[in-house]
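Protein chains: 2
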Amino acid sequence: MLKSDVGMAKVIIGIVGMPGAGKGVVREVARQHGFPVVVMGDEVRAEAKRRNIEPTPENLGRLMLEIRAEEGLEAIARRCIPKIKMHDASIIVVDGLRSLHEVKEFRKEFPNFKIVAIHASPKTRFRRLLARGRSDDPKDWETFYMRDQRELSVGIGEVIALADYMIVNEGSIDCLKREFEKILEKVMKDE
Amino acid sequence: MLKSDVGMAKVIIGIVGMPGAGKGVVREVARQHGFPVVVMGDEVRAEAKRRNIEPTPENLGRLMLEIRAEEGLEAIARRCIPKIKMHDASIIVVDGLRSLHEVKEFRKEFPNFKIVAIHASPKTRFRRLLARGRSDDPKDWETFYMRDQRELSVGIGEVIALADYMIVNEGSIDCLKREFEKILEKVMKDE
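Read top to bottom, the protein sequences are chains A and B.
Numbering (this note's numbering) for the first sequence: 1 to 191.
Numbering (this note's numbering) for the second sequence: 1001 to 1191.
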């Protein structure tokens, strides 16, 4: 099978969600089902390593903007495409969509590209991030608000608005898992 | 009771959704339950009448951008505030949010302002708009796509991303009605 045919046949699921919406759980479910997961943020971390930059949240955020300024708004997506092509699974999950430029870039290569958005209210997401307490998670509403604004400024809201599937994640982790599994089934049937 | 106290007590539900997502059904449900509905687009139509402009979709679209350029990005919201204050219902629905500037303007006046987003996939919305066939509805994918882009350019995606409640409307009208009624109940309990 030619590379281009592989591209046609593959279903790529692009995950988008605001901080604390539940992307991590969805990544885990995909892996449990044996589907490869390509994390867009890993490209920024790899570039930080190449440039000998310490991978603090601030540095990574700045580097992400630098890469976009140097190579175009779809730069991170373009770097992920060879990784996606390496996998020959029927479904490949790409985590961390942030703009429609990226979606466009992926769809040029993979026509069967579906956007899956995970949504939770700001109140719920804030509560979750406080509970999670990862070093880069906000400790107060002001920091949380600013991080949301940074994500929105890149264009994440537009990707959410045009999602092919929307999961509302206001309940338990098990609910979210089941919802995502339903979408995996739908996506497989569609193709 | 002072005007400002009334503002504090009222719950305002701001509706946001891409074209064809199901905002019309939600407006209808709100009215059936006796809640007043303020339609933001009516402000643009009223202004068109004042300026003797024929209310074609193109003219209204252009006028909306003109009003925003002349009076600021929150202009339409500001014009709705006196109308909202006129009503003394416990819940008032405002339909047609398009940007976070508007949300900010409403929240200054009404702290209990909740964003309710209605989402459907582009495929579903396109099919619905074709079936509806209103004079200003798109007849082909290209026109549909351009209309989506126009909405997104004003900032509607950011409002959807920060919704307090998200309704996924991929099923029947009855499903959507029930989902919105559940949210009305939640909103009433919260306050």
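FYI, nobody ran anything at the bench for these hints, they're computed from the structure.
Fair warning: there could be bad hints in the mix.
[Said to hold, decoys possible] In silico SDA-like cross-links for lysine to any residue, where the CA-CA straight-line distance does not exceed 25 Å: (1) A:K139 x A:P19; (2) B:K1108 x A:A69; (3) B:K1123 x A:A9; (4) A:K177 x B:D1164; (5) A:K186 x B:S1172; (6) B:K1123 x A:S90; (7) B:K1108 x B:K1189; (8) B:K1108 x A:W141.
[To be verified] To spell it out: a stretch of chain B is covered by chain A in this simulated footprint if at least three of its residues, at any positions, have a beta carbon under 8 Å from a beta carbon of chain A; those stretches are: (9) 1062 to 1070; (10) 1101 to 1110.
Keep in mind the model is a prediction, meaning the values are calculated, not measured.
All residues carry an ideal CB built from backbone N, CA and C; glycine is no exception.
Hint by hint, here is what the structure shows:
1. A:K139 x A:P19: With Cα atoms ~13 Å apart, A:K139 and A:P19 stay inside 25 Å; holds.
2. B:K1108 x A:A69: violated, 36 Å
3. B:K1123 x A:A9: holds, 20 Å
4. A:K177 x B:D1164: Distance ~21 Å between A:K177 and B:D1164 Cα, so the pair holds.
5. A:K186 x B:S1172: holds, 18 Å
6. B:K1123 x A:S90: holds, 22 Å
7. B:K1108 x B:K1189: holds, 22 Å
8. B:K1108 x A:W141: Holds, because 18 Å separates the two Cα atoms, which is no more than 25 Å.
9. 1062 to 1070: Violated, because only 0 residues of the region 1062 to 1070 of chain B bring their Cβ atoms closer than 8 Å to Cβ atoms of chain A.
10. 1101 to 1110: violated (count 0)
Hint compliance for this structure: hints 2, 9, 10 are not met, and every other hint is.
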